[in-house]
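Novice: With the hints as a guide, bring both chains together as one complex.
The listed protein sequences correspond, in order, to chains A and B. So for the first sequence, UniProt numbering puts the first residue at 1; every next one is plus one. So for the second sequence, UniProt numbering puts the first residue at 1; every next one is plus one.
Bear in mind the hints are in silico, worked out from the structure with no lab data behind them. Keep in mind that this is a model prediction, so the values were computed, not measured. Each hint can be trusted.
Pulled from the structure, derived: some chain A residues nowhere near chain B, Cβ distances all over 12 Å:
| hint | residue |
| --- | --- |
| 1 | Leu-42 |
| 2 | Gly-51 |
| 3 | Arg-77 |
| 4 | Ala-140 |
| 5 | Glu-184 |
| 6 | Arg-455 |
| 7 | Phe-481 |
| 8 | His-489 |
| 9 | Ala-524 |
| 10 | Lys-530 |
| 11 | Ala-626 |
| 12 | Ala-639 |
Straight-line alpha carbon distances no greater than 25 Å define the calculated DSS-like cross-link-like pairs of lysine-lysine that follow:
| hint | chain 1 | residue 1 | chain 2 | residue 2 |
| --- | --- | --- | --- | --- |
| 13 | B | Lys-219 | B | Lys-206 |
| 14 | A | Lys-102 | A | Lys-4 |
| 15 | A | Lys-331 | A | Lys-39 |
| 16 | A | Lys-249 | A | Lys-288 |
| 17 | B | Lys-219 | A | Lys-236 |
| 18 | B | Lys-223 | A | Lys-236 |
| 19 | B | Lys-82 | A | Lys-285 |
| 20 | B | Lys-225 | A | Lys-236 |
| 21 | A | Lys-291 | B | Lys-198 |
| 22 | A | Lys-530 | A | Lys-236 |
| 23 | B | Lys-198 | A | Lys-288 |
Yeah, the Cβ is synthetic: ideal placement off N, Cα and C, and Gly gets one too.
As a plain string of letters, each chain reads:
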Amino acid sequence: MVTKVLCVAEKPSIAKAVAGHLAGGGFTTRAVPGNQYVKNYLFHYNFPTWGPCDVTMTSVLGHLMSQDFEAAYRPWRSCDPSALFDARIETYVEEGKKGIAKNIETQARTSQFLYIWTDCDREGENIGSEIREVAKKAHARFVEPGKTVRARFSNTERTHIINAAGMPVPLDDRQASAVASRIELDLRIGASFTRNLTLTVQPMLQQRSAEEERRVISYGSCQFPTLGFVVERYFKVRNFVPETFWGIKVSHVKDGIKVGFNWGRGHLFDRMAVVVLFERCLAAKTAKVTKVQTKATSKWKPLPLTTVELQKCGSRFLRMDSQRVMQVAEKLYQNGWISYPRTETDQFDSGMDLRALVQKQTQGGAWNTFAQGLMNGGFSQPRNGRNNDKAHPPIHPVNFVNPTSLTSDEQRVYEFVVRRFLAACSRDAQGSKTDIAILYGVETFHTSGLTVLERNYLDVYPYDKWTSSQDLPTFREGEVFEPTEARIHEGQTTPPGYLTEPELIALMDANGIGTDATMAEHIAKIKERKYVETRARGRQSTEEDEYVDGGDTPSADRGRGRVRGRGRARGARNAAASTRGATTGVQEFIPTTLGVALVEGYENMGFEISLTKPFLRKEMELKMKAICAGQKTRAQVVAETVVQYRAVYMRTQQRLGVLQASVRKYVLGENPSS
Amino acid sequence: MANTEMQQTTAFLATYLSSRHVPPTSAWLQTLVPTLRLNIPMVALQKTALFRLLATDLMVSIDKSQVSTFPVGITDPGAREKRLRSFITVQILDIEDIGRSRWSQVDAIEAHERGETTKGREIIRVIPDENDVGTTLNSSADASHGPHKLLLQDARGTRVYGLELFSIPGIDTSTSIGAKLVLKDCVVARGIILLEPKNVEVLGGKIESWDKQWRNNQKSVLKEKAGIRENAA
Numbered sequence: 001m002v003t004k005v006l007c008v009a010e011k012p013s014i015a016k017a018v019a020g021h022l023a024g025g026g027f028t029t030r031a032v033p034g035n036q037y038v039k040n041y042l043f044h045y046n047f048p049t050w051g052p053c054d055v056t057m058t059s060v061l062g063h064l065m066s067q068d069f070e071a072a073y074r075p076w077r078s079c080d081p082s083a084l085f086d087a088r089i090e091t092y093v094e095e096g097k098k099g100i101a102k103n104i105e106t107q108a109r110t111s112q113f114l115y116i117w118t119d120c121d122r123e124g125e126n127i128g129s130e131i132r133e134v135a136k137k138a139h140a141r142f143v144e145p146g147k148t149v150r151a152r153f154s155n156t157e158r159t160h161i162i163n164a165a166g167m168p169v170p171l172d173d174r175q176a177s178a179v180a181s182r183i184e185l186d187l188r189i190g191a192s193f194t195r196n197l198t199l200t201v202q203p204m205l206q207q208r209s210a211e212e213e214r215r216v217i218s219y220g221s222c223q224f225p226t227l228g229f230v231v232e233r234y235f236k237v238r239n240f241v242p243e244t245f246w247g248i249k250v251s252h253v254k255d256g257i258k259v260g261f262n263w264g265r266g267h268l269f270d271r272m273a274v275v276v277l278f279e280r281c282l283a284a285k286t287a288k289v290t291k292v293q294t295k296a297t298s299k300w301k302p303l304p305l306t307t308v309e310l311q312k313c314g315s316r317f318l319r320m321d322s323q324r325v326m327q328v329a330e331k332l333y334q335n336g337w338i339s340y341p342r343t344e345t346d347q348f349d350s351g352m353d354l355r356a357l358v359q360k361q362t363q364g365g366a367w368n369t370f371a372q373g374l375m376n377g378g379f380s381q382p383r384n385g386r387n388n389d390k391a392h393p394p395i396h397p398v399n400f401v402n403p404t405s406l407t408s409d410e411q412r413v414y415e416f417v418v419r420r421f422l423a424a425c426s427r428d429a430q431g432s433k434t435d436i437a438i439l440y441g442v443e444t445f446h447t448s449g450l451t452v453l454e455r456n457y458l459d460v461y462p463y464d465k466w467t468s469s470q471d472l473p474t475f476r477e478g479e480v481f482e483p484t485e486a487r488i489h490e491g492q493t494t495p496p497g498y499l500t501e502p503e504l505i506a507l508m509d510a511n512g513i514g515t516d517a518t519m520a521e522h523i524a525k526i527k528e529r530k531y532v533e534t535r536a537r538g539r540q541s542t543e544e545d546e547y548v549d550g551g552d553t554p555s556a557d558r559g560r561g562r563v564r565g566r567g568r569a570r571g572a573r574n575a576a577a578s579t580r581g582a583t584t585g586v587q588e589f590i591p592t593t594l595g596v597a598l599v600e601g602y603e604n605m606g607f608e609i610s611l612t613k614p615f616l617r618k619e620m621e622l623k624m625k626a627i628c629a630g631q632k633t634r635a636q637v638v639a640e641t642v643v644q645y646r647a648v649y650m651r652t653q654q655r656l657g658v659l660q661a662s663v664r665k666y667v668l669g670e671n672p673s674s
Numbered sequence: 001m002a003n004t005e006m007q008q009t010t011a012f013l014a015t016y017l018s019s020r021h022v023p024p025t026s027a028w029l030q031t032l033v034p035t036l037r038l039n040i041p042m043v044a045l046q047k048t049a050l051f052r053l054l055a056t057d058l059m060v061s062i063d064k065s066q067v068s069t070f071p072v073g074i075t076d077p078g079a080r081e082k083r084l085r086s087f088i089t090v091q092i093l094d095i096e097d098i099g100r101s102r103w104s105q106v107d108a109i110e111a112h113e114r115g116e117t118t119k120g121r122e123i124i125r126v127i128p129d130e131n132d133v134g135t136t137l138n139s140s141a142d143a144s145h146g147p148h149k150l151l152l153q154d155a156r157g158t159r160v161y162g163l164e165l166f167s168i169p170g171i172d173t174s175t176s177i178g179a180k181l182v183l184k185d186c187v188v189a190r191g192i193i194l195l196e197p198k199n200v201e202v203l204g205g206k207i208e209s210w211d212k213q214w215r216n217n218q219k220s221v222l223k224e225k226a227g228i229r230e231n232a233a
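Next up, chain B with everything else stripped away, as it sits in the complex (with noise of 0.2 Å):
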């Protein structure tokens, strides 16, 4: 008995996260459905999966041969312009903020940490919140406005970086390591894919340890880039 309800809800999951674009190898299924309370509604159901799916790796959790991957040849720079069809899911794993200089985000990522933020020409004493302690990083006000360059990864674990022609809701430096979007209709240029709100969805999530390590490198990858020498003082 119990075991019927278990594999029907396996199929449900398997089949509400495949519509989702994310449809999850069994393997992983089978770990996950264990861990779950299956008296509570199935929407609730639906959104825990989803949830703990967006926080795994894609080319671990996905089951690629139900989801397309980039082309063959994607990152070619002799192609001037290449167009994907189908829907395909990526995650993040870099974000950069190409619309400002990188000495100019050390310098706003070194107030922060000095614990000060600055209103004009006022500088505000950001005291932290007990109950927001490691989201103030997050805060809005601390939001990139872009365009941004993103380092995608497809489900075979292929790398293609892609630009954002237009601003996408809820991209910014603040968006998680790990995240995952679904590509739709996109176009490569140069081997870049140009991200528009109209063909990308962003379904969101993180990968923990990749987002930790991606932000306590952040500064020390942009005074590289910048060609900041340390201890330059």
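Extracted from the complex, chain A is given alone in its bound form (with noise of 0.2 Å):
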């Protein structure tokens, strides 16, 4: 008797490119009963394992099971919302996928292999355990170790998933009970926190306006500190004062050139401190040279790129926000043009052939030449990141298409990974900077010049600017000369601008809230409930990077910019790096009248852990490590992070009072009565 193997993919389109490869072409398709979407590929493989076999390829439509507590405690009503923190919890297929199930029982009765395909990532490896419930029921064959493996791979190109094929992994559990444990805390914090606040806020709202009678305010764990980023930043836009600053500005005329010499103090906030200084050095009469270098400078190309950098780029050059982004790059992978685009590495595996990825660029597009121009002798070696999830990576081009065979947010994004990855294995950008640097009386000014070389990687990479400053003239340290004019200059410290997609992901992924999978549904979820609202920001930006919380962002004051983020090396090279951020159209966010109520009555509720803050969530997703690195179990987390919430509940119903008083005072603009 032949080998039989059941293969299972994550999605139907999965299931038909591997098909593809692994039949070269020749597989009879089946209709699946029940489901329109699923289809079932049959054809002959002859797995390096298990010789040759017939083979059924099939896919499930993402999770198989839905989680819903049994049926007494449905009904919004039913219990006080606390019982929901331990009420039970029934798995079940939904009804739209019973065919999908059914497919895969019928199939596993007459095979001795399961081959789990679905995407390498945790969520993946729980919807594969999913799927071995499911074949478990038609034969207890496939808990046995070796009877169910899982393939590892991370794009849908050819030799790719031909290799991956040849080397099953068995299923890793761990991380599949980090995301069951996920699923069961979301479940019992989400709903227990959400109808007690639906219950309380939503009778208020119907005063307003009868529409909001069935208006669900929900809470999630990280909804809440997303949206509390958000509020977080409009108060500090609402509330900010603008202060005047003064400082001093010399220039001085040579070979008839003007040259601009910055002051080293940049501004203080004292008129009379700075008439001081400035009268010294007038006092002083002449300034002398201290120092004259002029350096070898380089702007590195861009880090190999993961998925947050994706989903921020996409808000800055592309204006996609995050989800859009994200859909149109799962497009994209499951058609074969990219890897898959779910990813937190941001370095390559030295082993990978990133020279046969370039050459396919250079069949076409508007980057050809240049990729050709890589293969001649151009090519470097990427920069390394300091991230790698063992499991994805970097996002990059797998195969060459034809842009306009996309459409256009296809085009758009595949043009960035494309551009993005070749600017990768390019050059970095090679320039020399000149500092000159002057005493005037006790005081420092400083200059610099910047002359561009080499723009290497920056031909392909049109999102970076990096651009000759006019040209110096020739200073020599100890030259003393009486500077043409001085003077003092006033202005005013400027607000923050509110919140960008870009930020608010960066604070995300900073502070643990979601996973770079999941943060763009998050922001989308925010938007959905009315939270918040997002506009295109009005006016350009240049250093929405740089912005440093709490700091003042007068345009002076790049020379205090400080390193921040993850694998942001790139912070520390020089301030020309700030003007990046070629576009406007970034949106931004700002909160309802409802996100603030809601922020405001949680905040004023006085815990000493908010709920709007990532602490709490931040703790969970540390919990879901230990569980993938075996030190906790899905019990253990699970009753430890029920006991944790399940306190702050309690909290919160003695001091509901101080959320309807929030909700009073920002949505009804009532005036507190003291």
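Specialist: Below you can see the structure in the form of structure tokens.
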């Protein structure tokens, strides 16, 4: 009897692509009863592990199982919401997916091996374990070691898939349990807090308009901290008070060129102090050149692309919100044009044949000449970032596709991914930077000039800007001159802008809110719930990247910028980097009155650990990691986390009046009676 | 016998404190000496005496006849440059970081009050260390960069502003109010003393009640200077 293998992918498009590669095109397609999207692909394949086999390749549609409380607890008013912390949860196959489950069960009955082809991430492991559960009903053998295996792959390019087919690995049960705990906790915490919140706030909103009658006011342990970031910035902007600062500017004309020197102190917030210092400069009459230094400088090429970077760049350069970018990238991945778009890795494995990938891009596109240049000796190994999720390589183009065969959004995302990849495989831009310092009285002033010598990666990566400044006249160290002009200038601090999507993603990323795969969903959720609204940022800000929480952003203050954010070695380079951000059209977030009311309401309850801050959620994410590392079990994590949130719930319960007061103040516009 | 010993000790301490530019009044010394345990080494006694003196108001504890004080007309804004020739001991009444906007300073204080600090974009919850209550605000992470503008007072009570021309180690917004400095050879420009490490010796010290009051009011003072209305939200 021929060995039969059942392969199951996460989505129909992957099943079809994998079947195509393994079968070499010759497969038979069968419909699946009860589901119009999922198909079975039948073909023969010689697996190195099992020899010649009959293969059925099919798929699920994401998660196969759903979870909900048992029937008695489902109606909203059936119980006190706190009962949901330990109500029994049922796991079941939703009506619409019964046909898919049935198909797997039927196919499994006659198969010896189950080969899981879900995406290689935590969610994929969990879906894999759901598929195994269903197969187990047909035959208990699938729980035995070696009978259920999974493929490790990160794109649907042909050789990659064929390699993966030859190297099955066991399903990672720890990752699957981490997801199971997250699902359970999100359900318990989300449902209890949401019911409580809705039952408290909804009746108040109904006073205002009947439309509000059925509106759910949801709580989510990611949603709320996300909203918290938006509201916090909103108040920073609203409460901002401009302050006057003063500085000294010196300029000197030499060889017919006017050179401006910037004050080493930037600016000070005390006029008298500046006047005194200025007067002492003037009293000195002459300035002395203390430093003339010309050195090679480079603008580093970008790091290999991660999901978070893709989302941030999408907002900034492609005018797409993070959710849209991910949808488009997902589509490009399913069609085999780019690698798996959910990855934290910003380093390419040294064994990867990057030149072969570059070669593919010489076929066409506006970048083909550049790619050819890389093939002709311009290639340079990409920089390594600091993150490696050990599951997926950085996002990169897998195959060349003629842009004209893509939709316009797909074209833009594909082009970005390709250009980013080619830039990463190119050389840093090279320049020469001259720094000149002068001592005028006891005060130091600086100027610098940049000459770009080789553009290198910049030629293919228009998203970065780096241009030569005006030429500087020649100064010698020790040279003494009388500056042509010195004057005091006055300026005002400007408020920070409302939070933009790239900033929000960076905050969520740094604070462990959601994973790179789910951040876009949380952002979409707070929009959908009408907690926040977005609008295109009106003025161009070149400094969104450099914005420092709690800092001022007067443009003269660049010298103080500190290195921030993960993998941002680039911050340390030079001030010219801050002028990237070539496009406007970045979305900014403004909370609605309801969003403000909720955050203020919970904040004012005065808990030690606020629900609108990232701390609780971050702890939960760390616990998920502990499950993956085998340090904790699902039961431990669920129990510990439920205890924490139940305590918060109970305290919330005692102080609902504070929340209601906040809703009255912001949403209903009532003045507090006090 | 004990009496002679006490007189000797008193004389030693007076000499020592004078050498540090804080000659005490005999009245202050007489209240100090009986509280000391005389059987401990002289060096330790000196340290104790200096520590106690630095915690007092200069105007009360220092012998004005033995120290220099600010010359008359020092605050004259019409004078472009004057020089203070002798050693002058002063105490700090106020410290202001003029390198940052008040708004950002208020913001930092409020974040601290919420028990948060930021590391890059990451918000970190600061868990107060039980052994470290009250000193968290003084941790180096919160140190201001300046330059700082100080309000200084001499033993006669004259108040003059000092501007930190170059950063002086030991001076930032966590420096205690009432801390003592010895100025030597400073330049005074338009009534403001220009402070540099080479002509400022930081003796340190703290006047507990002044410091406490200053810290309690710090936020509201900054807000007022910045023109931030309370309850702006």
